[in-house]
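Asks: Residue numbers (this note's numbering), protein chains in the order written: chain W, 1 to 286; chain V, 1 to 283; chain X, 1 to 349.
Treat the hints loosely; a few may be bogus.
As the list claims (entries may be wrong) - In the SDA-like style, the derived pairs of lysine to any residue whose C-alpha atoms are separated by at most 25 Å in a straight line are:
id, chain 1, residue 1, chain 2, residue 2
1, W, K201, X, A108
2, X, K74, V, I8
3, X, K133, W, R275
4, X, K243, X, S217
5, V, K61, W, A131
6, V, K90, W, F271
7, W, K201, X, K74
8, V, K87, W, A248
9, X, K211, X, S15
10, X, K177, X, V5
11, V, K204, V, R273
12, W, K201, X, D109
13, V, K190, W, W28
14, W, K201, X, N83
15, V, K190, W, A207
16, W, K201, X, E151
17, V, K90, V, A181
18, V, K90, W, W37
19, X, K211, X, D3
20, V, K204, V, D53
21, V, K87, W, K201
22, X, K177, X, A105
23, V, K178, W, V38
24, V, K190, W, A131
25, V, K178, W, L26
26, V, K87, W, I35
27, W, K201, V, S6
28, X, K243, X, K177
29, X, K133, W, Y276
30, V, K87, W, A131
31, V, K190, W, L26
32, V, K90, W, L268
33, W, K201, X, T91
34, X, K74, V, K204
35, X, K74, X, S15
36, V, K61, W, A248
37, V, K178, W, L31
38, W, K201, X, G29
39, V, K178, W, R23
40, V, K90, W, R23
Simulated from the structure, these hints should not be mistaken for lab results.
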Amino acid sequence: MTASAVATKPAATNRGMALPSARRLLLWTGLAVLIAWVLVPIYLVALGAFGGRLGVFRWPKSIWPSDLSFAAMSQFLAIEGVFNALVNSLIAAGLTVVFSIALGAPAGYALARYSFRGQNAYRLLVLLTRAFPLAILALPLTVSFIRLGLYDTPFGVSLIHTVLALPFAALVTQSLFMGIPREYEEAAWVFGCTRFQAFVKVILPLALPGLAATAIFAFVISWNEVFAASILTVRERTLTAYLLRILAESPLHYRFAGGFILIIPSVLFIFAVRRYLFAVWGIASK
Amino acid sequence: MPARPSWIPYALIAPSVVFLAALFLVPLVQTIWLSVSAGDGLSLENYRRMAGDLNFALAVKNTFLLTLVVVPLQVVLALGMATMVTKLDKGRDLVLWVLTIPLGISDLAAGLAWLALLQNTGYLNSALYALGLIQGPTGWLSQETPVALFFAIVLAELWRATAIVLVILIAGLQLIPKEFAEAAEIFGAKPWTRFTRITLPLLKPSLQSALILRTVLAFEVFAVVYALGGRNFPVLAGEAYVWQNDNQNYGVAAAYAVLIMAISLAATAVYLRVLRTRPEQLP
Amino acid sequence: MADIVIDRVVKEFGSFRALQEVSLTVNDGEFVALLGPSGCGKTTLLRIIAGLETQTSGRVVIGGQDVSHLSPRKRGLAMVFQNYAVFPHMTVFENVAFGLRMQKAAAADVKRKVERAAALLHIESYLDRYPAKLSGGQRQRVAVARALAVEPAVLLMDEPLSNLDALLRLEMRTELKAVLREAGTTTIYVTHDQTEAMGLADRIAVMYGGKIDQIGSPLEIYATPATRFVGGFIGSPPMNFIKVRCSQGTARIGDAALPCPVTAESLELGLRGEDASLSADGSGLPFDVRVVEPMGSHLLLTGAIDGQLARIVAPPTAEVTAGERVGLTVDPARVTWIDSTTGRALARA
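Extracted from the complex, chain W is given alone in its bound form (with noise of 0.2 Å):
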């Protein structure tokens, strides 16, 4: 038995419109070609940041990975400024994830608990962000950004970065806390919590896991911005400005290992929420 056919016999037997054979070979050669168009380039990043400068000249090349050697690798991460702005990029990032979370949160709280005056033109500020490109907003900022002393700190870009995450954080914590009954934090109450008791014993236990993935959002949506953390910083540059900057002229293999370098976090946090990242994203997007 082949394994499609393995996968097709539950299927044909739990639900009513059950494709025949000859389909699914359609549907799983389809997915097979998606899935491969979306990990080949990867793979070949992958070869070309642990082949090394060799390998890049190879010609022609093999698809399969030989002499592998993680010394482009640790040759890349040797060269000056680039540990740094990995430095820098964790940095803002973290920054982003601590900004996003704190102002977003309580945003996202106010929304779902609460019906105020003032509460849609607080959703429009929230959606209106969407509808601008808002990296470009990093422009303007140079100048005050200068004079503030925010300029070329990764706490500066951390800033932009967080009116990024920061929108997206309210919408999506609003309705993690819609999603937690409100009768737990009143039975909370009647039993003798203050406000904060109740919500740090009940609400935030059951918001965290939500809150996590909000939280690696934002730390994506830094890690991987170019254009602003490139505008905002010369010398303390994030590793997307860095590798922006040295694109030009730096060999290709030290090209590959950047790429792969900025690759890998991605795919471990997709991987980490993929839970969360239906649901996070049709509430994003209402």
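Chains V and X: place on chain W using the hints.
Replies: Below, chains V and X without anything else, positioned relative to chain W:
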């Protein structure tokens, strides 16, 4: 206690309002201000310089062309993917995870991944060579091959950003009760009819938000283009970056920014109007 | 233990008046049910007593202390919620112990009281489980145990049985009555289910349109409804209302005559389906039977008295066929006379 309007919700939203005012609304106004001020008065000088630049017409043309090709293709591709995935029972989660991986990948990294494939001594050329179609390493990403470069960018954009459309559409599909399609089937609707008459109309709100999101991002496209072609393929955001960082001319960069924002807002307005759903039409 | 005084409480949501000057006194140790259809204000009243809503005006006094503006945690009460609100991230033990922990009770005390409450509700065997692993009925028991563990002066219950299936509801109702009788806690119980209210409560307050229409023991409310609404809401089938003309103290319907009070312009005869019996000779109130439904314990007859819809309960063995006209014998002492214009019952003759 909870339903009563009080100061608490205002205290909760205040920090984010202040933040968004300072880092969203203020720079928005600043950008517009910067773009119309030159020397010591108001003028359209920055816009004149922008429009007079050699790359300007090309950047406008390229950005629009890229958006008009990429966004519809992404929607079609994502609809196809979503339809296929919803037919799966086993392995659905795994397939979805793989298909959504690009969601977390930056445009720069995506450009680099496709560079590995498409560069002179890359895998595409190796394959073509093995098939005897080319004699040796061939350049696809230079100024001399604008069409090939364009297609390379389209491929990389499709690869990277179809996932977000897919996720939004699947989230939307999950909200459509199965009974509608089943009812249509009982009344004799064929799969294609069910798709066009039932699924698509009910999916309109999701399509709308996917289109708005993708179009706004497409007009911002920048890093993919740079990773693949450098400045060989000028786009609006790239020009803004060059004027700001290389030419240190903030006024012209701001003019570009205002132009991108104006186009984005116009596109959003069009989508909101064309794809509007009346509340009574929702299930 | 404490008594509760609700003093002219008004609640407005915008321009909508959910409660209009409601007053109610619940004695120490008494079990009072707030009964009414959805939207009558019963849950709002309960939430005001709990402190989860704030009244627009009026006072709530518990055990002699005015708690009108105290937060819920300072009112010394416990509550069982409609959807139980059993915390999903805590074990059953921690759920039951929650209130005690908030009071900073000593560990030994907590253990003892939790175990006692658990024994009372028969949930000792799953104290270390999480609520997700429990059935609806078991969660219900946890919610009640959590409320009783703090030994509250006042226990509030908001439709606690409405999420259970019919059989379980009956079982829990009986058990709840036994447990609460033993605990002797002052209890206010909100429900829209008349059988729950009748079965459990010492007194029932029937609410309608933001007001209490009648307060009384289950029997009083059933036998002598104070308003047309109470008569129609309580009892199954609901009370029949027949418009009659009353002249010189006698109402004539067909060839039957009933003594009637003469104080009102237009009158309605309120007649419970089980208070009329089929006369042997067809004399009495003429009743045109349209549908006969054998219910096992009785026959439910639907038809018309004087052209007005009525439902009558007959013995299961009675021989009645649809389309027949039968005569009903009515005991004048068991009918209610209602003033059509005010909807209120008239004083009995």
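Asks: Could you run down the list of hints and mark each one as holding or not?
Replies: Hints and how they fare:
{"no.": "1", "hint": "W/K201 x X/A108", "result": "holds, 22 Å"}
{"no.": "2", "hint": "X/K74 x V/I8", "result": "holds, 20 Å"}
{"no.": "3", "hint": "X/K133 x W/R275", "result": "holds, 22 Å"}
{"no.": "4", "hint": "X/K243 x X/S217", "result": "violated, 28 Å"}
{"no.": "5", "hint": "V/K61 x W/A131", "result": "holds, 21 Å"}
{"no.": "6", "hint": "V/K90 x W/F271", "result": "holds, 18 Å"}
{"no.": "7", "hint": "W/K201 x X/K74", "result": "holds, 18 Å"}
{"no.": "8", "hint": "V/K87 x W/A248", "result": "violated, 45 Å"}
{"no.": "9", "hint": "X/K211 x X/S15", "result": "holds, 17 Å"}
{"no.": "10", "hint": "X/K177 x X/V5", "result": "holds, 23 Å"}
{"no.": "11", "hint": "V/K204 x V/R273", "result": "holds, 12 Å"}
{"no.": "12", "hint": "W/K201 x X/D109", "result": "holds, 21 Å"}
{"no.": "13", "hint": "V/K190 x W/W28", "result": "holds, 22 Å"}
{"no.": "14", "hint": "W/K201 x X/N83", "result": "holds, 19 Å"}
{"no.": "15", "hint": "V/K190 x W/A207", "result": "violated, 43 Å"}
{"no.": "16", "hint": "W/K201 x X/E151", "result": "holds, 22 Å"}
{"no.": "17", "hint": "V/K90 x V/A181", "result": "holds, 22 Å"}
{"no.": "18", "hint": "V/K90 x W/W37", "result": "holds, 21 Å"}
{"no.": "19", "hint": "X/K211 x X/D3", "result": "holds, 21 Å"}
{"no.": "20", "hint": "V/K204 x V/D53", "result": "violated, 40 Å"}
{"no.": "21", "hint": "V/K87 x W/K201", "result": "violated, 42 Å"}
{"no.": "22", "hint": "X/K177 x X/A105", "result": "violated, 28 Å"}
{"no.": "23", "hint": "V/K178 x W/V38", "result": "violated, 29 Å"}
{"no.": "24", "hint": "V/K190 x W/A131", "result": "violated, 38 Å"}
{"no.": "25", "hint": "V/K178 x W/L26", "result": "holds, 23 Å"}
{"no.": "26", "hint": "V/K87 x W/I35", "result": "holds, 16 Å"}
{"no.": "27", "hint": "W/K201 x V/S6", "result": "holds, 23 Å"}
{"no.": "28", "hint": "X/K243 x X/K177", "result": "violated, 40 Å"}
{"no.": "29", "hint": "X/K133 x W/Y276", "result": "holds, 23 Å"}
{"no.": "30", "hint": "V/K87 x W/A131", "result": "violated, 33 Å"}
{"no.": "31", "hint": "V/K190 x W/L26", "result": "holds, 19 Å"}
{"no.": "32", "hint": "V/K90 x W/L268", "result": "holds, 22 Å"}
{"no.": "33", "hint": "W/K201 x X/T91", "result": "holds, 14 Å"}
{"no.": "34", "hint": "X/K74 x V/K204", "result": "violated, 51 Å"}
{"no.": "35", "hint": "X/K74 x X/S15", "result": "violated, 30 Å"}
{"no.": "36", "hint": "V/K61 x W/A248", "result": "holds, 24 Å"}
{"no.": "37", "hint": "V/K178 x W/L31", "result": "holds, 23 Å"}
{"no.": "38", "hint": "W/K201 x X/G29", "result": "violated, 32 Å"}
{"no.": "39", "hint": "V/K178 x W/R23", "result": "holds, 21 Å"}
{"no.": "40", "hint": "V/K90 x W/R23", "result": "holds, 16 Å"}
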